Amino acid sequence: MALFSRKKSKTDISNVETKAALVPSSVSAPEDWFVELAAGRATSAGVRVGAYNAMTVPAVKRAVDLIGSTVGILPVRVFTVAADDARSPAPDHPAFSIVHRTANPWTSARKFRETLTRDALLHGNGYAALVRVGGKPRELIHLPPGTVSVDLDQITREPFYRATLDGESRVFTFRDMLHVAAPSLDGTSGASPVRLGREAIGLALTLEAPAARLFGNGARPGGVLRFPTKLGQDAANRMKRAWQAAFGGEGSGGTAVIEEGGDFTSVTLTSVDAQFLEMRQQQTREIACVFGVPATMLNDLSSATFSNTEALGQAFRDETVMPWVVAWETAYERVLLDEGELTTYAIVFDLDGLDRADLSSKTDAIAKRRAAGIVTANEERRALNLPAHANGNDLGSPYTTANAGQPAKDQAA
Numbered sequence: 033m034a035l036f037s038r039k040k041s042k043t044d045i046s047n048v049e050t051k052a053a054l055v056p057s058s059v060s061a062p063e064d065w066f067v068e069l070a071a072g073r074a075t076s077a078g079v080r081v082g083a084y085n086a087m088t089v090p091a092v093k094r095a096v097d098l099i100g101s102t103v104g105i106l107p108v109r110v111f112t113v114a115a116d117d118a119r120s121p122a123p124d125h126p127a128f129s130i131v132h133r134t135a136n137p138w139t140s141a142r143k144f145r146e147t148l149t150r151d152a153l154l155h156g157n158g159y160a161a162l163v164r165v166g167g168k169p170r171e172l173i174h175l176p177p178g179t180v181s182v183d184l185d186q187i188t189r190e191p192f193y194r195a196t197l198d199g200e201s202r203v204f205t206f207r208d209m210l211h212v213a214a215p216s217l218d219g220t221s222g223a224s225p226v227r228l229g230r231e232a233i234g235l236a237l238t239l240e241a242p243a244a245r246l247f248g249n250g251a252r253p254g255g256v257l258r259f260p261t262k263l264g265q266d267a268a269n270r271m272k273r274a275w276q277a278a279f280g281g282e283g284s285g286g287t288a289v290i291e292e293g294g295d296f297t298s299v300t301l302t303s304v305d306a307q308f309l310e311m312r313q314q315q316t317r318e319i320a321c322v323f324g325v326p327a328t329m330l331n332d333l334s335s336a337t338f339s340n341t342e343a344l345g346q347a348f349r350d351e352t353v354m355p356w357v358v359a360w361e362t363a364y365e366r367v368l369l370d371e372g373e374l375t376t377y378a379i380v381f382d383l384d385g386l387d388r389a390d391l392s393s394k395t396d397a398i399a400k401r402r403a404a405g406i407v408t409a410n411e412e413r414r415a416l417n418l419p420a421h422a423n424g425n426d427l428g429s430p431y432t433t434a435n436a437g438q439p440a441k442d443q444a445a
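Anchor point for the sequence shown: position 310 equals 342 in this note's numbering, and the numbering is continuous, going up by one each time.
If you're looking for bench data, these hints aren't it; they were derived computationally from the structure. The structure presented is a predicted model; accordingly, all values stated were derived computationally and were not measured. It is possible that some hints are incorrect.
Distance condition first, Cα-Cα at most 25 angstroms in a straight line; then the derived PhoX-like pairs of lysine-lysine [as the list claims (entries may be wrong)]:
#1 LYS262 to LYS272
#2 LYS93 to LYS143
#3 LYS143 to LYS168
Restraint ranges, calculated between C-beta atoms of paired labels, are given here [to be verified]:
#4 LEU333 to ASN136: 20 to 28 angstroms
#5 SER140 to THR362: 18 to 26 angstroms
#6 GLU361 to GLY166: 22 to 30 angstroms
#7 GLU361 to THR220: 18 to 26 angstroms
#8 SER101 to GLY428: 39 to 47 angstroms
#9 ALA399 to LEU228: 39 to 47 angstroms
Every residue, glycine too, gets a C-beta built ideally from N, C-alpha and C.
Work out the full structure: start from the sequences and follow the hints.
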């Protein structure tokens, strides 16, 4: 891989020899990630579930696309942090372009975040190697799932990573490997929602297959023509052709005229059919739970109302997107900021795009807090990642306090 041998920009690795000696001779549990990538894991439903066939389930694809694209499109910037926690953009910091514009010359920052988030959702972990030039971060290179293993230093418990591609292997410190993980069971590697929810996904796959075969084979007729006397083969074929010509295709829904005393009986939905449909809907709701997404966002509108739609959107922001945002901010700062910069710089996602639908309520809440003297203008501005204002540290209400140097209206009169 070019990343391992490029001369122009070499990744700085400290104490590689010491840490490499601690890497076990075999990649950590290779059978686990190989099974995930290849055949998938067995389920009680009788199908194997892996990342790729899980994405053929509409609810899984929708959940992964929704979370990945939402995290990807949110703007990200590097800010300087003053002693009073006031923040201002830092476009001159070498990490600014990586998080805001392009992760590398061929990948936009948006696409990069979307890709790693998908990796974490489907495989448990998303990895990217940091390339430095002159000790400064230059670009992030995505590494495919299954090519990276993570281990812990036996003395310090510090994580380190081994990436293997095309027969080449390289060890990275945690300062040089961007690691975005799904919620972890061991505190080191992420646990894939697809792996943890494989039984629910497997049942959805099992229910999908017979439904597709049933309608694909035409085993479910729209109705039945009955006659009091037995029809000959020629008469039956003639009646079938005439019926389809008159009422099939564009003639669907027309008025039927049946000869020979015949009767048409439509095939209606049975209770078994209704239960089958309900089971499929229930699997959508269970998959929504697996990924932490409101079921309404997976197009299950059975519990959606006009009154709870806004609340469900807020729940998606707070309970689904925010944990991923925090994971990304932490991962970015760990590799893109030096230890000495962690108190003077911050990498922050701009969530205003998710608040647009509720902008009126958000603005009203800010106005009420300011009017009540609970917070200052600068405290609100910091929450919005805006720079401090010269007159923004006053707790007085802006609706009752006259501006500096300007008499109140009653005094001016």
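Tested hints:
no., hint, result
1, LYS262 to LYS272, "14 angstroms, holds"
2, LYS93 to LYS143, "17 angstroms, holds"
3, LYS143 to LYS168, "23 angstroms, holds"
4, LEU333 to ASN136: 20 to 28 angstroms, "41 angstroms, violated"
5, SER140 to THR362: 18 to 26 angstroms, "22 angstroms, holds"
6, GLU361 to GLY166: 22 to 30 angstroms, "25 angstroms, holds"
7, GLU361 to THR220: 18 to 26 angstroms, "19 angstroms, holds"
8, SER101 to GLY428: 39 to 47 angstroms, "43 angstroms, holds"
9, ALA399 to LEU228: 39 to 47 angstroms, "43 angstroms, holds"
Of the numbered hints given earlier, the model fails hint 4 alone.
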